Amino acid sequence: MGKKAHTLLVAMLAVFMVVMAGCSSSNEATGDSGSNGEKTIKFMHLWPTGSAKQHNLITSDIIAEFEEENPGIKVETEVLENEQYKNKIKVLSSSNDLPDVGVTWAAGYLQPFVEGELFAPLDEVLNDGLQDSFVAGTTEAYAINDQTYGLPLELNIAPVYYNKAIFEEYGLEVPETYEEFQEIVKTLTDNGVAPIALGNKDRWTGSLWYMYFADRFGGPEVLTSAINREGTFEDPALVSAAEEIQKLVDNNAFNRGFNGLSNDEGKSEFMNGKAAMYMMGTWELPNYTTNEDVPQEFRDSIGFFKFPTVEGGKGDVDSFVGGPGVGLFVAENSDVQEESKAFVKFFVEKWGERAVTEAGVIPATKVDTASVDLPDMYIDILNELNNASNLTLFADVQMSATVAETHLNLIQSLFGKEVTPEDFAKQHEDALSRE
Amino acid sequence: MDKAMSNKGVIMLYIFPALFLLLALIYIPIVQTGYFGLMKWNGMGSKEFIGLTNYSRLVQDSLFWSSAYHSFLLALFSVLSLVGYLMISVVLAGKIKGADILRKIYLIPMLLASVAIAQLWMKIYHPTNGILNSMLMSIGIEEPPMWLADPNLALFAIFIPIIWQYAGFYILIYYAALKNIPESLIEAARIDGATAWDIAWKIKIPLIMNVIKVTIVLAVVGSLKYFDLIYIMTNGGPNGASEVMASYMYGHAFRGFDFGYASAIGFFLLVICLVITWIIRKATAVKEEIQY
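Chains as they are written, first to last, in full-length UniProt numbering: chain H, 1 to 435; chain U, 1 to 292.
In case anyone wonders, no lab produced these hints; they're calculated from the structure. Model, not experiment: these values are computed from the prediction. Using N, Cα and C, we set each Cβ at its ideal position, and we do this for glycine too. A hint or two may mislead.
What the hints assert, rightly or not - Quick list of simulated restraints, FRET-style, between CB atoms:
1. H:Gly171 with U:Ser138: 30 to 36 Å
2. H:Asn82 with U:Leu107: 32 to 38 Å
3. H:Glu358 with U:Ser138: 44 to 50 Å
4. U:Gln32 with H:Leu8: 28 to 34 Å
5. U:Lys8 with H:Ala14: 38 to 44 Å
6. U:Lys104 with H:Pro48: 31 to 37 Å
7. H:Asp380 with U:Gln32: 53 to 59 Å
8. U:Leu76 with H:Leu8: 41 to 47 Å
9. H:Asp430 with U:Ile30: 31 to 37 Å
10. U:Glu142 with H:Glu358: 45 to 51 Å
11. U:Ile105 with H:Lys74: 48 to 54 Å
12. H:Tyr170 with U:Leu136: 27 to 33 Å
As the list claims (entries may be wrong) - Some chain U residues flagged as far from chain H (calculated, every beta-carbon gap over 10 Å):
13. Tyr27
14. Thr33
15. Tyr35
16. Met39
17. Gly45
18. Thr53
19. Val83
20. Leu148
21. Ile199
22. Val214
23. Ile279
24. Ala285
Okay, chain H solo, but in the shape it has when bound:
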């Protein structure tokens, strides 16, 4: 009997040891040197093979190239899907255990990481000749206190995509003014077609619409200055923008039940031809051009237009909501910081060469449209981008995380008509002034 008990004890101890080993291994410093003097860069990104196949392929290619050119350095990747990625980065940050290189977002999102001294400044990489290859204004979104903490990979604007087939069926033209836009909405609803596809459970999707109204009513500065506290959120233009959103809702401009649908569910209304219009960032372009999984007929029937101007408003038609998308950071406490910086530089350069043609991503680095063969829609978008009078960064990225939460919730209530435009503005003002 006693013997059996001791065997059990030994077994339990063994289990215990395994558990302990499991707990401790994650505490090892990142980027440890390998046995034969090899250095390892840990790289975490958010392009899984399933949902971002092309991104994933390009990334692996670039890594392979980098390893070839830099013998003795290995790049180890960890891939997570977008939302999971965001969560894991936060958990890793709180235990100061970030990968050497990873993906981040700009402005307000970046702020706490910089304040926590988790990201290394990348100015020396930029000043090493890389700065000139970026489109003006993109790296600035990653700068805090005059130092740049991330190198952007993407540049996006949000046009309104529309289904030419549906427009033709009801004899509609691309709108130049907001009155024309309202006419289109009316014609479509009268004929039982959902004018606009929207999945507002994700909330930032509705925020795009609000941001455009704010811009067209009050000009490009009004929202930005309300957020950075030079102005106020109770500006008449920002209230009118909110009123206009509710008018659209009253006119049934959006598909039914949008507040309970995710962006993907909302998008599917557009993708299966049930809704006529859809506003989204240019990251959607592959679905209308090169993505073989989408029927050719559908891809050919999609066009885009710029958000129309509002009569008496200060904004012009060439002002866009958009800005740099994700960027790369290097961890401050990385043991292989020099190598990581070299990798980030290499990655940004190669990414710029390949992203647009292969993944359909507009990179934050300049694209030579003459030398690459691109679908027409890309050329048009790139031209719009070059002619843009202004880019307003997504509101929830501009704001600090806490205010962004308030903003996004208010957007959902605004669309759901649970808050008046005046209260909408006031609650924003309260949240912003509390900061």
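Dock chain U against the given chain H, drawing on the hints supplied.
Showing chain U alone in chain H's frame:
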């Protein structure tokens, strides 16, 4: 064995691994959470001690109280649903035809992952293509409700899958408890002329009272800290209409970057659960233990 068990050193040796893990993985983090609740902290970087500010903010936070109200509503509905499960179990344990198959059918939702259940019900509730609204439209209702988008309905629309999800679990517990009642007792009662209703009400249920008490605690505490389906199906929306305490906490920690306040919410949630459990234990305490 007896010899080993009388040796205090050996007892310590045996208890230590489990005790250590429990302390390291549960109790120490609980204390830490309470401590973080005293800090202004965004989850990274330095913490700033701000005393009870987070807790006093919590007490005044109407959004928190509305999410707490939703959690309590869920707890109430979960407990009410136990009555239904108990009835089903009594019938199932009563040797009816096909009881075995039925029991398995009830158990199936429990085998599904929460994410799968959420996806399934999101499809059912889809405002235009969902089977629920398709059915309503086919019987002539032109504007069926937008289940998950309507702030008055969203919460209750989610309660249904949550309650459905746990049906199998509670039925299994009750069924097992009822099967444990000696057949001789039932037979004796039958000979004395008790009806099926009497047997269920006066013999079976009193005999499994302890199990019922445990399930009430499980249902209430499980509801108060409930998270998964709500997070996936509505993310607490539209605008907090289906927010519960745990999703509110998650929002502050991982979307709002406010780990200090989120820790305060988490700690408070623990206190609420402890208090409620204690109250239930007190309220359901029976003076004399009924035995077989």
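Open item on the list: When the structure is checked against the list of hints, which entries are broken? Sort them ascending.
Closed with: The structure breaks hints 5, 17, 20; every other hint is satisfied.
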